[in-house]
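Each chain, letter by letter, is given below.
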Amino acid sequence: MREKFSEVNNVTKVDTIFIADKDDIVSNEIVSEGTRSFINIDLSFREYIQETKNTLRSTFSDGFKGIDTIERIALAVPIVNSSSGEFIGIVGVKIPTESFFSLYGNIRDINSQFLVVYDKKGTLLAVGADKSLLAKNFFGEFVQNFTNHNPILMNLTKNLLQGISGYGIYDYGKGERITTNVPVFIQGKPSYFIQIVTPTATIYSEISNVLFGEKLKMFSLIVGSISAITILIMFLIKWNSILNNEVKKRTKELRESNKKLLLSNQEIALANEELKVHDKMQKEFINIASHEIKTPVQAILSFSQLLQIYPERQKEFTQAINRNSIRLQRLSNDILDVAKIESGALTLNKELFDLNEVVSNIIGDYKSLIVNDKHKIKLHFKPFKQSLLIEADKERISEVISNLLNNAIKFTREGEIFVSIEKKEDDNNDSYALVTIRDTGEGVDPEILPKIFSKFITKSFEGLGLGLYISKNIIEAHGGKIWGENNSKDGNCGAIFYFKLPLRKSDINNKFNRYK
Amino acid sequence: MDEINKILLVDDEYDIALAFSLGLQSNGFSVDMFTSPIEALSNLKVNYYNLALLDIKMPEMDGFELAQKIKDKDEKIKICFITAFDLSYQRVKEYSGCIIKKPISIDDLIKKIKMEIE
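Quick mapping for you: the protein sequence lines, in order, are chains G and L. Under my numbering, the first residue of the first sequence is numbered -9, with each subsequent residue one higher. Under my numbering, the first residue of the second sequence is numbered 3, with each subsequent residue one higher.
Because the hints were derived from the structure by calculation, they are not lab data. Any given hint could turn out to be false.
[Stated by the list, open to error] List of simulated lysine-lysine pairs, DSS-like, C-alpha gap at most 25 Å:
id	chain 1	residue 1	chain 2	residue 2
1	G	Lys43	G	Lys242
2	G	Lys270	L	Lys103
3	G	Lys273	L	Lys103
4	G	Lys400	L	Lys59
5	L	Lys78	G	Lys284
6	G	Lys12	G	Lys238
7	L	Lys103	G	Lys284
8	G	Lys270	L	Lys114
9	G	Lys445	L	Lys59
10	G	Lys284	L	Lys114
11	L	Lys95	G	Lys284
12	G	Lys490	G	Lys384
13	G	Lys284	G	Lys12
14	G	Lys273	L	Lys59
15	G	Lys441	L	Lys73
16	G	Lys12	G	Lys249
17	L	Lys95	G	Lys273
[As the list claims (entries may be wrong)] Not everything, but these chain L residues come out facing chain G in the computed CB check (under 7 Å):
id	residue
18	Asp17
19	Ile18
20	Leu24
21	Ser28
22	Phe87
23	Lys104
24	Ile108
Backbone N, C-alpha and C define an ideal beta-carbon position, used for all residues, glycine too.
With the rest of the complex left out, here is chain L (with noise of 0.2 Å):
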């Protein structure tokens, strides 16, 4: 049985965030998309979400935190920074392997995080 992938996006660039989000829908995810760290948080689904797709700069607090501050209520979920910044960040590691660098075409998005959660 095929099961819905369910994905939580955080990027405080509206643009961004509508585009990835879109594009995701369009290929058969079900993507709730937050432009805010804070309010990713407190509208956190706990156990539902099969990935956490999140920016790293952002206002309020950056990628890592709130990596940290989903891990602690989510155990299971899984991680993937997506970022503009050239740097490999080796705080990447301590909540996964998993870093997407923009700018990615729609496709090649789809094709990561599909690799991802499988």
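Chain G with its partners taken away, still in its complex shape (with noise of 0.2 Å):
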């Protein structure tokens, strides 16, 4: 800002620079050395903030004095957010009018053509006869006083401040004028007005020119006057451009800290939407085991007191409270599991087995299940050829193959599990085991696939949705992977869950035999 407010010095004397905000106080200002600062000071009662807020667009104000008796113009030029169309702001500028408007035309010497610029209230702002006539107002005492009423003058001034321009001869007592009309107009609007006021004596006394040198006086008065009005605008341009240099800066600093501030309140609204989120599933999750707990308490319960009423059936209620027991127990080993992966204090107890072996055994002691259970469900199983040597937690390991067994079976009803081990290796040559278990069932929500591995996710009407997560964070516990998909080739249905975990290097199959 302090560069602009030198450069623009160079071209014209400039007095103040400010910004101000969008309720019109002051909040940047460099002054010259002697100006009068109005840091923090409201400018809304000033026309021309006024009408640049009404506009949005730049305007050159009437001439002001301030306490120090020195009249100025203002520029101000709005600063509006590109994007949104939004006021943001003014810069802004302050020209002493006597300095400036000197610039454009000899207005001391009374011998030759002066300048006088009125603003459209019709104060002078630069004027060439007398300087205790500057910052008066053409129409009051003093000026009036000035130009002894004269009549032509004042008619020539009002057609002046309606934009009009002419020309007048006249003499209020100090020899005969003769008087230009220039009107500027500065966006199309008339801004400010300009008298060229010429001596006719200066013109008589070169009377040997006679009519001819008279029309060459008058026009080049009227070229003088017309280059005079082009400079004037011209540099009001550039003091335009200056300015909206600065606005252009500024819009654009102002747009970058907008985004800042989006994208900061963008991450703490996303940050909230989890904690919302998170809260949410928290309740949810509560009321689901609740729900989960209390309903194989309300079975125990019941049938225990059925048992005195029908000792009859004492076989059928036993049976059920024992099937409603380790459902309860089933559950409390969920919760304790994820409390524990939550808190950090899952451990393995890791020792050497044949993951054939193991697997070979749960499909087994499903396989019996399956005969007594409702559900009409044919299980496959297709081991590795050799077996398959893996230092893992064999208790853990086997709830995630229950885990992914209980899934297919409870989404499967009726249809068959395919269940198979393979031999793989990485792309560093590492080993590793892959069970694969595929169902023919109702397959996966595509809603929640993506989110299937983390808790309570869960489209059953029995279970909390842990199962999936505990089996994730055991397998990755173990350096391993567990992914699902739906099966969709081939017009097949069902879901498809996999895992992988790493075999020991060296010494796999030494001390087990081949897989029968």
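These two chains come separately, so use the hints to put the complex back together.
Below, the structure written as structure tokens:
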């Protein structure tokens, strides 16, 4: 901003450059030495500020006089948020008029043409005749006394202030004057008004040039005034562009800080949203957990009471009590597992075992369970042709396999489940065991598939949606990976879940016999 | 004359349905028990039951929807929800003010239902 200030001061004397915020309070300002500061001052009562705000266009003010009695005009340019169109503030400069307009003509030398500049109200912004007229209004008593209420000059000036060009010849007691009107239009509106005054004596003194000279004088007057005005307008345009650059710079900064604000707002909103979702999930979890715990408790409570009423059905009721106790146990195990995972207390009791054998045993158990069950399911198992040694927590790995099998059975009801184990190698030539569990059930709802390994994600009417979350944590704690997909190939249905576990590098198959 | 109270019982948990059903029967109620809301609707005896005892969280349709469908066919039937949820449902009031929270002893269940029927 200081750079701009000195830059524009090379063009003409400017004593203030300021930035006002949207409430018209001056927030930044640079003033030349001896000029009054307006920092933190409310400019809203200034007409040009209001006009700039209302029209959102740059505005040239009428003249105004400060307490230092210096007459000034101001040029104000609105700062507008280019995307929203919102008014943000104003950049403006204050220009002492006398030094400014003196650039465009001799306003002191009474022997030649000189300039008088008015604002829209008729206040004299620059005057060559007498310095005491400066900042006075043409129609005021002081100026009128000075001009002896000359009617021709009065008419001429009235016309000028309405934007009408023309000239007049008059004498208010100090010799005959020929005066030309030139209104200055800025953005299509007459904003400043110039009179070029020439004492006719200077013309008549060269009377020998007679009519031709007269005409030439008039011609040069007009040319002179036009060029003066052109220069004036060019300066004003230059001004505008300097201020516009300041506005652009400021707008860019604003936009950038807005963007940053927006970004951090978005981040906060996102974090809030996550918190809300988390909170909602917690509440939902407590609600579902309470439902899931109370249901088997209700069954146990009722059947133990019914045992006394129907002693002959003891076997049936104790089976029901047992069934519900197991359900309750499984539930509490899951909740405890999650607590362990979340507190980082999941410990693995690793041992060396043959994965083929463990999976085969689990499959055997499930096959006998399925026979008794209402589900009509065929369970197939294809082991790897050799034993597959892994060093892992046998119980935990069994838990994962049971979880995946339970899900497959729950969502298949009627159909087939294929379990297979393969040995594969990754890009680093490290061997791993890949376990695949494929079912022909309804598949995973595409909506929940991407988050299926998160907590509380379930489409089932039974359970807490913790099984896959626990399984994922167990497999990852072993350095493995678990994933799932829907089986949509060749018109198939159902879901496929995989997990892989790293194999012992060296002694595979050394201790174990070929799997039978 | 003591009329036998007839109860329609719907709970998707077979063990719960069976236990409540037996508990009510041992206290002189006549109970038709279903573990599927759809089956319950297709076998509904209109203007027959004194009270429908309905679970809230069920597949196919929840207890509220089932209650509405039963009420559509049988205006006079009283509805009691039975649930293991902790929430006090605003929606319960749309159908009845009666909510029984699991777990509940058979004695308390009988007391509540008798109170509701009277």
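We went through each hint and held it up to the structure:
{"no.": "1", "hint": "G:Lys43 x G:Lys242", "in the structure": "holds, 20 Å"}
{"no.": "2", "hint": "G:Lys270 x L:Lys103", "in the structure": "holds, 23 Å"}
{"no.": "3", "hint": "G:Lys273 x L:Lys103", "in the structure": "holds, 18 Å"}
{"no.": "4", "hint": "G:Lys400 x L:Lys59", "in the structure": "holds, 18 Å"}
{"no.": "5", "hint": "L:Lys78 x G:Lys284", "in the structure": "violated, 31 Å"}
{"no.": "6", "hint": "G:Lys12 x G:Lys238", "in the structure": "holds, 16 Å"}
{"no.": "7", "hint": "L:Lys103 x G:Lys284", "in the structure": "holds, 9 Å"}
{"no.": "8", "hint": "G:Lys270 x L:Lys114", "in the structure": "violated, 33 Å"}
{"no.": "9", "hint": "G:Lys445 x L:Lys59", "in the structure": "holds, 20 Å"}
{"no.": "10", "hint": "G:Lys284 x L:Lys114", "in the structure": "holds, 19 Å"}
{"no.": "11", "hint": "L:Lys95 x G:Lys284", "in the structure": "holds, 23 Å"}
{"no.": "12", "hint": "G:Lys490 x G:Lys384", "in the structure": "holds, 15 Å"}
{"no.": "13", "hint": "G:Lys284 x G:Lys12", "in the structure": "violated, 62 Å"}
{"no.": "14", "hint": "G:Lys273 x L:Lys59", "in the structure": "holds, 17 Å"}
{"no.": "15", "hint": "G:Lys441 x L:Lys73", "in the structure": "violated, 39 Å"}
{"no.": "16", "hint": "G:Lys12 x G:Lys249", "in the structure": "holds, 19 Å"}
{"no.": "17", "hint": "L:Lys95 x G:Lys273", "in the structure": "holds, 23 Å"}
{"no.": "18", "hint": "Asp17", "in the structure": "holds, 4 Å"}
{"no.": "19", "hint": "Ile18", "in the structure": "holds, 6 Å"}
{"no.": "20", "hint": "Leu24", "in the structure": "holds, 5 Å"}
{"no.": "21", "hint": "Ser28", "in the structure": "holds, 5 Å"}
{"no.": "22", "hint": "Phe87", "in the structure": "holds, 5 Å"}
{"no.": "23", "hint": "Lys104", "in the structure": "holds, 4 Å"}
{"no.": "24", "hint": "Ile108", "in the structure": "holds, 5 Å"}
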